[in-house]
Amino acid sequence: MATTTIHSGQERVNYLNVRTSVASWLLTLDHKRIGILYLLGITFFFFLGSLAAAAIRLELSTPKGDLLSSDTYNKMFTIHGVLMIFFFLIPSIPAAFGNFVLPMMIGARDVAFPRLNLLSWYFFMIGGVLATIALLKGGIDTGWTFYTPYSSAFAKGEVSLAIVGVFLVGFSSIFTGINFLVTVHKMRAPGMTWFRLPLFVWAIYATSLIQVLGTPVVAITLLLVAVERSLGIGIFDPNRGGDPILFQHLFWFYSHPAVYIMILPAMGVISEVIATFSRRRVFGYHFVAFSSLAIAIIGFLVWGHHMFSTGQSIYAGLVFSFLTFLVAIPSAIKTFNWMATIWKGRVHWDAPMIYALGFLGLFVIGGLTGLHLASLATNVHLTDTYFVVAHFHYVMVGGAIMGYLAALHYWWPKMTGKMYPQSWAKLAALLVFVGFNLTFFPQFILGYMGMPRRYHSYPEEWWALNLLSSAGASVLALGYLLPAIYLVWSLKYGTAAGKNPWGARGLEWELVDTLPSPHNFERTPIVTRPAYDYAHPEEPTAIYPAPRPVFAGGGKDG
Amino acid sequence: MSVKEAELHLGEARHEVPHLGEQYETIEQQNDAYTIGMWAFIVQEVLFFGGLFASYAIYRFKYLYEFVAAHHTLSVPFGTLNTFVLLVSSYTMARAVRAAMQQKHHKQLKYLLWTIFFASIFMVNKYFEYSSKYHHNLIPNQSYSAEEVIHHNHLKVENGMVDLGARKVPLEEFEGRTKLFFSFYFIMTGLHGLHVLVGIIILAILAVRAGMDWKRKVPHADYMPVEMTGLYWHFVDIVWIFLFPLLYLMGGQ
Numbered sequence: 059m060a061t062t063t064i065h066s067g068q069e070r071v072n073y074l075n076v077r078t079s080v081a082s083w084l085l086t087l088d089h090k091r092i093g094i095l096y097l098l099g100i101t102f103f104f105f106l107g108s109l110a111a112a113a114i115r116l117e118l119s120t121p122k123g124d125l126l127s128s129d130t131y132n133k134m135f136t137i138h139g140v141l142m143i144f145f146f147l148i149p150s151i152p153a154a155f156g157n158f159v160l161p162m163m164i165g166a167r168d169v170a171f172p173r174l175n176l177l178s179w180y181f182f183m184i185g186g187v188l189a190t191i192a193l194l195k196g197g198i199d200t201g202w203t204f205y206t207p208y209s210s211a212f213a214k215g216e217v218s219l220a221i222v223g224v225f226l227v228g229f230s231s232i233f234t235g236i237n238f239l240v241t242v243h244k245m246r247a248p249g250m251t252w253f254r255l256p257l258f259v260w261a262i263y264a265t266s267l268i269q270v271l272g273t274p275v276v277a278i279t280l281l282l283v284a285v286e287r288s289l290g291i292g293i294f295d296p297n298r299g300g301d302p303i304l305f306q307h308l309f310w311f312y313s314h315p316a317v318y319i320m321i322l323p324a325m326g327v328i329s330e331v332i333a334t335f336s337r338r339r340v341f342g343y344h345f346v347a348f349s350s351l352a353i354a355i356i357g358f359l360v361w362g363h364h365m366f367s368t369g370q371s372i373y374a375g376l377v378f379s380f381l382t383f384l385v386a387i388p389s390a391i392k393t394f395n396w397m398a399t400i401w402k403g404r405v406h407w408d409a410p411m412i413y414a415l416g417f418l419g420l421f422v423i424g425g426l427t428g429l430h431l432a433s434l435a436t437n438v439h440l441t442d443t444y445f446v447v448a449h450f451h452y453v454m455v456g457g458a459i460m461g462y463l464a465a466l467h468y469w470w471p472k473m474t475g476k477m478y479p480q481s482w483a484k485l486a487a488l489l490v491f492v493g494f495n496l497t498f499f500p501q502f503i504l505g506y507m508g509m510p511r512r513y514h515s516y517p518e519e520w521w522a523l524n525l526l527s528s529a530g531a532s533v534l535a536l537g538y539l540l541p542a543i544y545l546v547w548s549l550k551y552g553t554a555a556g557k558n559p560w561g562a563r564g565l566e567w568e569l570v571d572t573l574p575s576p577h578n579f580e581r582t583p584i585v586t587r588p589a590y591d592y593a594h595p596e597e598p599t600a601i602y603p604a605p606r607p608v609f610a611g612g613g614k615d616g
Numbered sequence: 222m223s224v225k226e227a228e229l230h231l232g233e234a235r236h237e238v239p240h241l242g243e244q245y246e247t248i249e250q251q252n253d254a255y256t257i258g259m260w261a262f263i264v265q266e267v268l269f270f271g272g273l274f275a276s277y278a279i280y281r282f283k284y285l286y287e288f289v290a291a292h293h294t295l296s297v298p299f300g301t302l303n304t305f306v307l308l309v310s311s312y313t314m315a316r317a318v319r320a321a322m323q324q325k326h327h328k329q330l331k332y333l334l335w336t337i338f339f340a341s342i343f344m345v346n347k348y349f350e351y352s353s354k355y356h357h358n359l360i361p362n363q364s365y366s367a368e369e370v371i372h373h374n375h376l377k378v379e380n381g382m383v384d385l386g387a388r389k390v391p392l393e394e395f396e397g398r399t400k401l402f403f404s405f406y407f408i409m410t411g412l413h414g415l416h417v418l419v420g421i422i423i424l425a426i427l428a429v430r431a432g433m434d435w436k437r438k439v440p441h442a443d444y445m446p447v448e449m450t451g452l453y454w455h456f457v458d459i460v461w462i463f464l465f466p467l468l469y470l471m472g473g474q
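Sequence order for the protein chains is A and B.
Counting from 59, one number per residue, gives the positions in the first sequence under our numbering.
Counting from 222, one number per residue, gives the positions in the second sequence under our numbering.
Same shape as in the complex, but just chain B:
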């Protein structure tokens, strides 16, 4: 860029955009910065979950039969329902982003509320799933018991050995290994649930702001917070898209 061009560029830039941060020259620069920053954050999240996914893959490979037996106790209908609910919430989120870009605050509010609604359904389902695990002593703490896994899979236990068909495993080891499965199940879905919860809070703040913009008929509201939340929300969905088959669906053979 020549000096002349640069001078022209700078002079033109700063006009009346109320939400332009004072460190920025132009609104395009600010929007780009938000976008790159959000993607960098998502990359960071991928690696955060990545450590868990890698560990889960290693133990599933190591203790395949135990993990498969344990995964049968998860409810596929519940998981499918939650997958559906989250996918629909991604759709309503995308509509909210679109409405925000078009400055249609009422529509934006409506779709944000729908997204919160579906996210909440997801959390309620998760609550039911978790409490059923609790009743069957499948929470991986000191009171964990593999009885439900054995019962659910109609496994035979003879002389303290669990018969897994292909091989026999001492009951104590079977308990430890299935407990590992539930450790991963609760940490991974729990961390994911935490992300959904944070998302709900951010969506609620955005909904309040959209409502205020609608009431005041703001002509040029900043749509970037909605778009960035959309990125985050789709990311949270994608994490579930990987969790669902890994934990609920994948069988042994």
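The following block holds chain A by itself, in its conformation from the complex:
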């Protein structure tokens, strides 16, 4: 079937039509197809996690715990947290878009280890299915943090099964990290030096470092919890000489850097989108590149700020507080450089740019409120309140999901060959921005007034702000629903996207066809210009070398 279309000359061979059977998808080694598989998987888990969020906001729209019992409520926020963090946010941008565009950006035919890449998708899916089974089969109520000794000694339900699911997705993340590290090191086309790399590649590289160095620690820690549940070994059980705070140390050693696994790739996307739609090289390229690495490194030194009020020594707290403030520096470097890029750029107000601007607004609020939590004195007042909930949603939803949506809208034409309706996309971006602020800004105020997180009922005087938050959540839901509709619509009815619909620089736009061919490039390209060379529109970023004559005999001496 496929071969006839190739030979008839009607349709160019691309990564979608080259083979079309189900098996060709499930056994594919093509990084682009694996990216699409991830995209489908994470969309599914995002949908499930959103349902749980809807249940939470519905319950909280009245002060009494009338819709969900406290047990069910606990299960709902656990489902929401586990699915959104481990099965949506962590794989989202690196596994879906990193897979799709990173090899193209550096001029490679594929990632370094295509089979490992496919294996990591299977680990992700099997882990996701196991966790979903655990969450549906009676559910678990430990919260996504699995804090001991509750999770290890008291919690009923399928905690161990959920842990196995998270363990598997952890290794999926490690494999993806190893793959991208090696790909960036060894698969760059000739001429693609480190400082010609697009900043998205730098961001994914920094993310991969965290994935490889952090994830194994949480894997072994959760494994210990599962063993403790089945054998009662007592490593985290104070009744048997164990120490529950040790669990928190080990858990946050990964799970704090994991926040940067979520936000760094989004920052990479924002660098791409802002450069493209400002038609200008990212201001302070080197600073933005190194700030990604700085965030990855400092991110490993701040885990103790999750334990300011759980019995950590005050001196450790001081050091962790200081180190946490340091993270603000590379984050601010990025933000100011993006703004400097837009300033004096020729800004084009296309949909991905609207999402990127939304990212900037939300990320700045999320980042600055992080400082309130980083300082010891205010942390004591704000810990375990809705202030914390609002803060990390501003970073992880306002930041990471805005970046994810920007990426989706930016590379959608390249992935599908179709354009979506711009006005609808801009409306959706606006709805997400407004809905998000309506949902989560009131939670800052609630948290400041002392409303604790993880309760299904609250006093009457907090009703108005909670109602506002729930109303905002429905606007936000509409903002997420719209892209699902118009993007799917565009697959059939969208206008054909040209090779470079945004007028962007970069190998994936200049050389790779829309609907890329299976090997991305005709031949291995030679990179001649740095990334974002908008100042020299006549110079291509990369060229194809002249085809070499093939000599019989294969001698290569001379």
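Careful, some of the hints might be misleading.
In silico SDA-like pairs for lysine to any residue, Cα to Cα no more than 20 angstroms straight-line [claimed, not checked]:
1) B:283 x A:302
2) A:122 x A:528
3) A:214 x A:302
4) B:283 x A:370
5) B:354 x A:290
6) B:283 x A:528
7) B:389 x A:369
8) B:389 x A:297
9) B:283 x A:297
10) B:283 x B:384
11) B:283 x A:304
Hints listed in this document are in silico derivations from the structure and should not be mistaken for laboratory results.
The structure presented is a predicted model; accordingly, all values stated were derived computationally and were not measured.
Knowing the structure of chain A, use the given hints to seat chain B on it.
Below, chain B alone, put in the same frame as chain A:
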């Protein structure tokens, strides 16, 4: 690199190497990618075991006397034998890698089989050690009992207090803390044993391939899988080199 140089480089690169993956330009690039990938995997393994080592260090510091008492029940001769066996297996592995690089398939097969042999001896010893712990109720599950630890160390128990010389500990707490030691012992050596087992399976696959290469007299077989397995194998050895003194040898003072 200038455009001219790059063109020359690309054209020269792709010649007849049957095991060159289609995503790569040159065999050097492929081999480098394997090597970096394997090292990254080993770094990941270090952190995987690192969580356990850190936890063990903390509890050993906290419950020094109990941990020392419990560690006396481990058999140093068995541990020494296993250390020796693993070190020899590392040597035969290194010889197998060397033979693979030289395309001497028969020699490679021989040394791979020797490595499997020593690895298996290690596992058999581990089996004997584990079953002796089982007979003494030292498996850290619900039926765990510290009796063997007390008996082995000739500790006195009076009024429900265990006399550790420097201090007295209630029997119940003594049980919990020595149980912690055996929890770490079984999880750490168990995880290490699992790595040895995985290694044996990979070595067996490599041995079959070496045998086929030998029979078909393949002139340029890909030696990288053997070299990478060698890296992995040496890493597994090093983990044991740390486990052995930490669990078997280190005393209290």
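Results for each hint:
no.	hint	result
1	B:283 x A:302	holds, 14 angstroms
2	A:122 x A:528	holds, 15 angstroms
3	A:214 x A:302	holds, 18 angstroms
4	B:283 x A:370	holds, 16 angstroms
5	B:354 x A:290	holds, 17 angstroms
6	B:283 x A:528	violated, 48 angstroms
7	B:389 x A:369	violated, 27 angstroms
8	B:389 x A:297	holds, 18 angstroms
9	B:283 x A:297	holds, 15 angstroms
10	B:283 x B:384	holds, 17 angstroms
11	B:283 x A:304	holds, 13 angstroms
Of the numbered hints given earlier, the model fails hints 6 and 7; all others are met.
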